[in-house]
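So the sequence lines, in the order shown, correspond to chains A and B. Read left to right, the first sequence gives residues 109 to 504 (our numbering). Read left to right, the second sequence gives residues 58 to 204 (our numbering).
None of these hints come from the bench; they were simulated from the model. Be aware that one or more of the hints could be misleading.
[Claimed, not checked] In silico SDA-like cross-links for lysine to any residue, where the CA-CA straight-line distance does not exceed 20 Å: (1) K346/A / L385/A; (2) K458/A / Q120/B; (3) K458/A / H135/B; (4) K431/A / V392/A.
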Amino acid sequence: MTVSVYSRSNNPLSKMVRTCCLVFWMVLYSAPLWSFDFPESLQFHGFASQGYSLTSENNFFGHSQDNGSFDYTEIGANASWLPLNHLQLSGQLLFRRAGETDPQSLRLDYGLLDYTMLSDETDRWGLRLGRIKNPVGFYNETRDIPFTKPSILLPQSIYPDYVRSAQLSSDGSYIYGEHRSGYGDFFLNGGIGYPPAINREWEGILFENQLNGEISYLARLLYEWNNSQLRAAVTYYKAKFDYKSDIIPSGSLRSEPWIFSLQYNAEHWSLTTEYSLRKVSQPVSTMMSEGYYIQGSYRFSPHWEGLLRYDVFYLDQDDKNGKKFAAKDPFGHPPYSQFAKDWTAGLTWKIFPDFMLRTEYHRIDGTAWLFFLDNPNPSETSRSWQLFMLLGAYRF
Amino acid sequence: MKRQVLCRLAGFILLCLPMLAIADQQGADSPVIIVSPQQTPQSVSTNALRAIFGMRLRNWPDQIPVHVFVLRDDNPTHSVFSKQILNIYPHQLRLAWDRLVFSGTGQAPTEVNSEEAMREQVAKTPGAIGYLPRSMVNDSVRILPVQ
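Isolated chain A, as found in the complex (with noise of 0.2 Å):
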């Protein structure tokens, strides 16, 4: 199996995409030239994190066993401006590294115009066009940022990085409504696009082929009481992708989850649940995915914070144990390749506002999330595994 270029969405919209905000990066970083000082809106933030993974078996970001693995990186910068009151422009780019999984390249991460149409004490309503991080469950809008996340590791049922990019982000538009109220305050996404570059993770998948993006929505109506005490979301979204093999029928899939989320935040600790049914079809088969997990933190100061978690993941909710699967399966896929549990121990240390230490230990039963990429002999994979995972955090 070779490993091909993987293929980059060519609809002309993500095009445009990719067009504006190449213009958009090269006047904002041109703007240092100009003879003019910067306007006072303009901002800039970026992080940089750097980990290392250690497994029992299998691998995971690179050759993990053993010595363990340095191969897990990521470094965003942004940079947003307000040219109107109502109106801002933003964008994001990413160089990440994640073991075979990842292509290693700089990309847009988001890139897109915001326009506010109607803005005031209890109502604001308005259109986001560009490249838009998908608002999915709580985490996926800034998923790989370590300062908005419990751990160095999503909970692999919801934000699955076997599947990255699938529900990544999207070159569409979406509109966005929020509503403050004594009840507690409302927000609403919904969105329309194409999920731009398929990253190499696919490939483990279906194999060599070309994937492409498809018109695909979104919507998330997310609820928050008492200052985000209480916090409550559902999301659903279709995701379509057109793909060409030589190895299995040629045709659509798609991905159709509805996630529901939970979050309960006290001074000191917060309770977490996420759970995840996605309808996932291929033009062979089609099947029900299931996923949830339970998260508990604790901040025993405002530099100290330790996380447990419990995340389970069937691939196919009518064949748990995967027997049925590895019955027919002509690649030789073990039955365990078909689920997941994982329990997670976390501590993260906040040693300045900027700067933090995390790590966290992973016992896993099953395979159902390991990357491909990383592991392309499935005879070759544990079902009992674990995970030690390293990472130091930076942020400005």
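Dock chain B against chain A, hints included.
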């Protein structure tokens, strides 16, 4: 023996009284919302205040852009302001700003290093809003009552 314990207890309470007085003084010096003197609004609702410091309401009712100033996350005044006036924990507020900044859907407030810098910036920036301990407010800024 019993008397000795009682005496010690009384002594302890006496010693503590000045501390209570100091604590009371701190109560009187709780943070207030300040704006630049040219600002037209005469008061602000809790809802609007939460939206403004949550970086989700960008204009005053007269359409002048809001410019939000905050102290550092670990500043005691910021902590009291956050918990008592906004009714949100400082780490939750930071998380809300980070979610906006790193998804391109909003901006972060301007951070100042001291209460003096806060007063100076709010005084000279059109549309500015911030907060200060009441004792540090002078004529250069105006207190905005919260309804």
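Structure-based check of all given hints:
{"no.": "1", "hint": "K346/A / L385/A", "verdict": "holds (12 Å)"}
{"no.": "2", "hint": "K458/A / Q120/B", "verdict": "violated (39 Å)"}
{"no.": "3", "hint": "K458/A / H135/B", "verdict": "holds (18 Å)"}
{"no.": "4", "hint": "K431/A / V392/A", "verdict": "holds (19 Å)"}
Checked against the numbered hints listed earlier, the structure breaks hint 2 alone; every other hint is satisfied.
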